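Below, each chain spelled out in residue letters.
Number of protein chains: 2
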Amino acid sequence: MEGVGVDHLAHERKKAEFDVEEMKVVWAGSRHDYELSDRIARLVASDPAFRKDNRATLSRKELFKNTLRKAAHAWKRIAELRLSEEEAKELRFYVDEPAFTDLHWGMFIPAIKGQGTDEQQQKWLPLAYKMQIIGCYAQTELGHGSNVQGLETTATFDPQTDEFVIHSPTLTSSKWWPGGLGKVSTHAVVYARLIVNGKDHGVNGFIVQLRSLDDHMPLPGITVGDIGMKFGSGAYNTMDNGVLRFDNVRIPRDQMLMRVLQVTREGKCVQSDVPRQLIYGTMVYVRQTIVEDASYALSKAVCIATRYSAVRRQFGSQAGGSETQVIDYKTQQSRLFPLLASAYAFRFVGEWLTLLYEDVTKRLAANDFSTLPEAHACTAGLKSLTTSITADGIEECRKLCGGHGYLHASGLPELFAVYIPACTYEGDNVVLLLQVARFLMKTVAQLPSGKKPVGTTAYLGRVQYLLECKSDVQNADDWLKPAVVLEAFEARAARMCVARAQALSKFSNPEEGFAELSADLAEASVAHCQLIVVSKFIEKVQQDIPGNGVKKQLEILCYIYALHILHKHLGDFLSTACITPKQASLANDQLRSLYSKVRPNAIALVDSFNYTDHFLGSILGRYDGNVYPKLYEEAWKDPLNDSVVPDGYHEYIRPILKQQLRNSRL
Amino acid sequence: MEGVGVDHLAHERKKAEFDVEEMKVVWAGSRHDYELSDRIARLVASDPAFRKDNRATLSRKELFKNTLRKAAHAWKRIAELRLSEEEAKELRFYVDEPAFTDLHWGMFIPAIKGQGTDEQQQKWLPLAYKMQIIGCYAQTELGHGSNVQGLETTATFDPQTDEFVIHSPTLTSSKWWPGGLGKVSTHAVVYARLIVNGKDHGVNGFIVQLRSLDDHMPLPGITVGDIGMKFGSGAYNTMDNGVLRFDNVRIPRDQMLMRVLQVTREGKCVQSDVPRQLIYGTMVYVRQTIVEDASYALSKAVCIATRYSAVRRQFGSQAGGSETQVIDYKTQQSRLFPLLASAYAFRFVGEWLTLLYEDVTKRLAANDFSTLPEAHACTAGLKSLTTSITADGIEECRKLCGGHGYLHASGLPELFAVYIPACTYEGDNVVLLLQVARFLMKTVAQLPSGKKPVGTTAYLGRVQYLLECKSDVQNADDWLKPAVVLEAFEARAARMCVARAQALSKFSNPEEGFAELSADLAEASVAHCQLIVVSKFIEKVQQDIPGNGVKKQLEILCYIYALHILHKHLGDFLSTACITPKQASLANDQLRSLYSKVRPNAIALVDSFNYTDHFLGSILGRYDGNVYPKLYEEAWKDPLNDSVVPDGYHEYIRPILKQQLRNSRL
Ligand SMILES: Cc1cc2nc3c(=O)[nH]c(=O)nc-3n(C[C@H](O)[C@H](O)[C@H](O)COP(=O)(O)OP(=O)(O)OC[C@H]3O[C@@H](n4cnc5c(N)ncnc54)[C@H](O)[C@@H]3O)c2cc1C
Ligand SMILES: Cc1cc2nc3c(=O)[nH]c(=O)nc-3n(C[C@H](O)[C@H](O)[C@H](O)COP(=O)(O)OP(=O)(O)OC[C@H]3O[C@@H](n4cnc5c(N)ncnc54)[C@H](O)[C@@H]3O)c2cc1C
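If you read the sequences in order, they're chains P and E.
If you count by the working numbering, then the first sequence holds residues 1 to 666, one letter each, in order.
If you count by the working numbering, then the second sequence holds residues 1 to 666, one letter each, in order.
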C-alpha cells in the first residue's frame, strides 16, 4: 500500500501468479468496501494525531489521556469531513485503539435498540448518536460473568415513588470489567435482578446515569473507578474497564428497558408480545462482528510474519550466495500457511454470517423463529473457534519471527495482548462450545422423530449415509475434490456427534452424563464448527470470482485450510474410520505440495489485505521490507537511551563494581 | 506457605489424600533443597525491598532503575548474611526479576569456564565472582541468531601489535539482544569471526571490555545501547537487552578464549588437544537449567489457575446452595490437570537431566565422547518440548481464569510475557527439533549395521519388535500398567522414526528430502521427546517414595500425563496402528476417571510447590483464596484512580458531550 523508496520485497511481488488488485476487492467484500476502507485507512495513516507507535512507553495515565485525545480528534474529523455513519465506523476501526467509543457504539446503543421500547429508543438514541451522553454496558460483576443469571445487583421497584432502587448488596455484586465505565461514561445499561413486590423476576437492563453532565462527578450513591492494568503494555490499557457500586441509587421507572418485560405504575410485571428470542438476534449480530474481527487480527499477524519470513535469511548459503529466506523452510511454511489460509477462511465465514444475520432479522420481523436456535448455535460456535485460533495464531506468528518477534516494535506483542480477551468476552469459548454441544445433541436426539435439521446442521439429516460412507481417495489429487473433502468433514462431525449421543444415552441422568462427557462433547462442537468453515470456504471458491488467477489462489488456500485441520485432528478422522491411515498420508503429501504452490504468492496474498504500515504497526511487517535499518533506528528512541550512563549507575552499579557492598563468603 | 487469617481453601486442603509435607520434599528434590528454598523464599518474601507488585505501572526508566536497586540490594544481603554460592543462587531465583546478573552468572562466567584456558580462568573468574567486572554474552546479531556460523562481526589478528581488531562491518553485524549489555555490563564475551592472515577461521569467543571502570562510559570505538521495549509490561523490560557496534576496537591477543583453538604470537592457529565437543557439555548444562525453569514457570501458572478454579463459582446452584466451583467442570479439569501433571513431569525430567549432565561431565573428563551426541539431542529436544508446552500452558491457565485472568493482578500476563522467549533463546524450538530429527534419522540409518543406540534412544534397538507389537489393552484399567503405556509410546516413536526414514530414502538427494519432509520429521522428534518424559516419570514413580499417599498421587499424575498426550496426538498412535480406536477410547475413559481421582488433591498438589504469595505474584493464586476483596483493593491503586475526574476530561470529553466538536452528517 505504501509506495515510495526502495522495495526489498519487489522480487517477491513479481512472483505473484494472480491479480492482487482483484484479490483486494475479494478480501474487502466488494469494490465499494475496498474503496471505502482504502480511503479511510490512508486518511488515518496520514494524520499524525493518530500516531500509535509510542504506546508502549507511555505511563497508564498518559496512555489513557492520549486515547481520549484521539477519540476527540476522531470525532472532530468525522464532523469536519461530514463522514457518513459507514465512514465514521471505518475511521474508528483504523484508529485501532480500544476506547470507550467501542462500547458506546458497539454495546450501549445496540442494547437500547434491541431491548428498549419505541419511546425509549426515541428518547435515548438521539442523545447517544450525538454523544451528548456516553454509555457503556455494565453486565459482568466481580463474582459473575459467564453465569449472567447469577448476577447479584438488585433493582427493586418502589411503588411509592415510581422508581427503581439500584443496589450492590455484596462485594461480589460490584460491576467489574465494563469498558468505558471507569472514567468516561455518563450512562450505563446496568443489568440487575428486577425485584417487584419482593419477587425476583430475573435479570433485566436499566439505563442508569452515572456521572453529572455538568462536572463529570459520580452521582450520589455511585462509586466508580478503573480496575487497573491489564495484559501487556499499550494494548487494552487504553480502555477504562471499570468497577461500579450502587448504594441505593434511584432511577425513574421508565429507565428499565421494557421491550420484552414491562413493570407498570402499579407494580405489575407484564410480558409484552415481543418474543424473548429477540435477544438472540443481537447476539448473532455481535458475534458476527467478532468473527470479522478475528479475520482482521489474524491477517495482520500473518501479514507481519509472512513479510518478515521473506526478509529474514538464515542458514544454507551455498557458494557464497545469500542465505535461505526462512519462508522457504517447510517447517516455517507448515506453521505459517495454514494461518494464512485461516485468515481467508475466517474472512469468508464472517461474510457469510452477515447474510445469516440479515436472514435471521427478516425472519424475526415475520415472527419466524424456526432457524433461530441453529443460527444462535452456529454463531456461538464460530465465535469460539475463530477467536481461539486467532489468539494462538498471533502468538505462533510471533514465534515465527524468532527473537525479533519479541520486540514491541514487531507489533505482535501488542496485537496479541489486545486480541486475547476476545476468547473470554461475549461468552467464554469453552462455555460456548458446550452450548453448541447441547444444540447438537438435541438435534441428534430429534432425528428419529423425523425432524429435519436446518442450516449448518442439515448434514445431520443424512446421518445414516454419513455413518457408513467410505472415502474413495486413491491418490493425493483426490484430496482436491470439493465433494471428497466435504464428505470427510461431514462424516467426522456426524460420527462424533452420534458417538457422543450414544455415550450420553448410557447415563440415567442426562445432566450428569453431559457434565461427565463435556470435554468430549466440546470436541464434537469443534468438529462441527470446522465443518462450517470448510463448507463456506468451498462455497466461496465455487462462485464466479473475477481476476486473473484469483480463484485458483483461493482454491489452494481452501484446501490448505481443510487438509491442515485434517492433519491436526487426525485422531478424530481415524478413530471414526472416516478415512484410512493411507488416505491421511496422501492428504499430507497433498498439503506439502499445496505449500509449494502458495509459496510464490505468499507476499501478494498478504498484500491483498491492503493494510497500511500505520495499521499494521510493525517494523517487521513493513511493506517495503526495510526491516533492519528501521529496527536499529527505533531502538535508540527508548527512554533508557536518553543517557549513555543509566540513571541508577552511581547508587546501584558502581558500589558493586567498587566492592562497597562486599562482605560475603562467596 | 502463608499462615495467618482466614483460609478460604481450608475445606479443599482437608480433602487431600496424601502427606503434603512429604510431597514438598519430593518436589524440591531433597530435604536439604526443600529447607534451603523454603528459607530463602521466605527471606525474599519478607523483605519489602524485593516487592514486585508495582512493576506494571512503572515507566521503563523507573522499572530499570528499580531492577538495579534490587540487584544491588540482593548483592548486599548476600554479603551481609554471608550466604553460600548455593544460597545466593536461590536468592536471585526468588527475587524473580530478569536482570543483568542472570547473564553475568548464567552465561558470562560459564563461557569463560567452558572456553577459557586455565590462565584465562585464573585471571578473569575471580574478578567476575567478586563482580569487580560485570559481563554479558554477546553472540546474536541483528542479522543472525539461529545461524551462529553466519555471524558477521570480525576479529582480525594484527601481528604488528599482537592484538585483535574487533569490528562490525555491516549494520546487520550489530550485536543485538544480549541481556545486560545495553546499560550495565563492563565486559562481554563477544563472538566474532577469527581472521588470521586473511583467512577466516570461523566464530570464536573474545573477552572485550565495553565500558570504563571509572565512569562507566563506553570505551572508544564502542557504540552501545538498549534495544527498546519487549513483550508486555514489567516482564523482560527489567532487562537491558542491548545493541553493540565496534569500530575497529583493539584487544590484547590473550583475550581470545583459547581453550580449543589458539592463535600464537606469530599468527598461527593451533588446535589444542582439548576436544571441540567440550562445548556440548556447556549446552547440556544450560538446557538442563531451562528444563528446570520450565517446570517452575508452569507450576506457578498451574498453582494460580488451580487455586482460583476452586475459589471461582459459576452456575449450577441447586436449591439455593452455592454454585459449582469451576474446578468441578470436566472441561476445566481436562484443560488444567494435564498441565498440573506436566509441571510434575517436567520437574522430574529436569531432575534426571542433572544426573545426565553429571554423567556427561564425568565421561568428558575421561575422554569418552560416546554418549555425547545422544545427550545433546536429548537435551535439545527436551528444551524444545518443555518450553513450548510451558509457554502455551501459561496462556491456557490464564484463560482458565476467565476475565480476571486478563488482569495484570492475576500474575499470569507477566508470567507469560517473561517466559515465552525461552522458546526462542538457546536455540529456536523448531530448529532444535530438526536437530533431534537428524540425530534420530542417523540412529535409524545405523541400525542395520548393528550399532546399538544408547541412552534415550535405546528403544530403537528393539525396533523390529516395536514395529510389530500389538497393544493388549482390553479394558480401561489396562492403561494403568507402566509396561503397556511405555510400549505404546515406544512403538509410536519408533514407527514414526522408521516411516520418516523410509520416506527420506526415496529422495535421491538426502538433504532435499530432509528439507521437504522437515515438518513431519519435527513431529517424530516430538514423539521421541514425549516418550523420554513419560519414561522418566514412570521411572520416578517406580522408586521408593516415602510419605502417606505421595506415591499414589504421583502415579495418578504420571498416567494423566501419558494418557492426555495419547489423546492429543491420537492421530500418531492410530495412523501407526500402535493402538486401536477402541483402545483409544478406553484410554479416554481412564483419563476421565483419573481426573476425578486428582480432583480432591488438586489444591494440595499445588500447595506442594511451596510457593510464597510473593513468588507467585498473583491475587487469583493467593494461598488463602481471599481473591475478591484483594482484587477490589488492588484496583484502586491504579494511577488512573488518583483523581475521580480523569485528566483529559476538560480537553477531550467535555467538548464532545457539550457538542463543541459537532458538524457532521451523522
Ligand atoms: C477485556 C475485557 C473486556 C470486557 N468488557 C466487558 C464489558 O464491556 N461489559 C461487561 O459486562 N463485561 C465485560 N467483560 C467481562 C466478560 O464478559 C466476562 O469476563 C466473560 O463473560 C467471562 O466470564 P467470567 O470472567 O466470569 O469467566 P468464568 O465463568 O469465571 O470462567 C472461568 C473458567 O470457568 C469455566 N466455566 C465457567 N462456567 C462453566 C461451565 N458452565 N462449564 C464449564 N466451564 C465453565 C470457563 O471456561 C473458564 O475456564 C470484559 C472482559 C474482558 C476480559
Ligand atoms: C529475551 C531474549 C533474550 C536473549 N538474550 C540473548 C543473549 O543474552 N545473548 C545472545 O547472544 N542472544 C540472546 N538472544 C537471542 C536469541 O538467542 C536468538 O533470538 C535465538 O537464537 C533465535 O534466533 P533468531 O532470532 O535469529 O531466529 P531466526 O533464526 O531468525 O528464526 C526465525 C524463524 O526462522 C525459523 N528458522 C530459522 N532457521 C531455520 C532452519 N534452519 N530450518 C527451519 N526453520 C528455521 C525459525 O524456526 C523461526 O520460525 C535473546 C533473545 C531473546 C528474545
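Keep in mind that the hints are not guaranteed to be accurate.
Unchecked claim - Beta-carbon label-pair distances, calculated as ranges: (1) P:Arg42 x E:Asn248: 39 to 47 Å; (2) E:Asp477 x P:Gln271: 34 to 42 Å; (3) P:Thr371 x E:Cys469: 46 to 54 Å; (4) P:Asp589 x E:Asn248: 29 to 37 Å.
Worth flagging that the hints you see were computed from the coordinates, not collected in a lab.
Remember, it's a predicted structure, so these values are computed and weren't measured experimentally.
For each residue, glycine too, the CB sits at the ideal point set by N, CA and C.
Against the structure shown, which of the earlier numbered hints fail to hold, in ascending order?
Hint check: 2, 4 fail, others pass.
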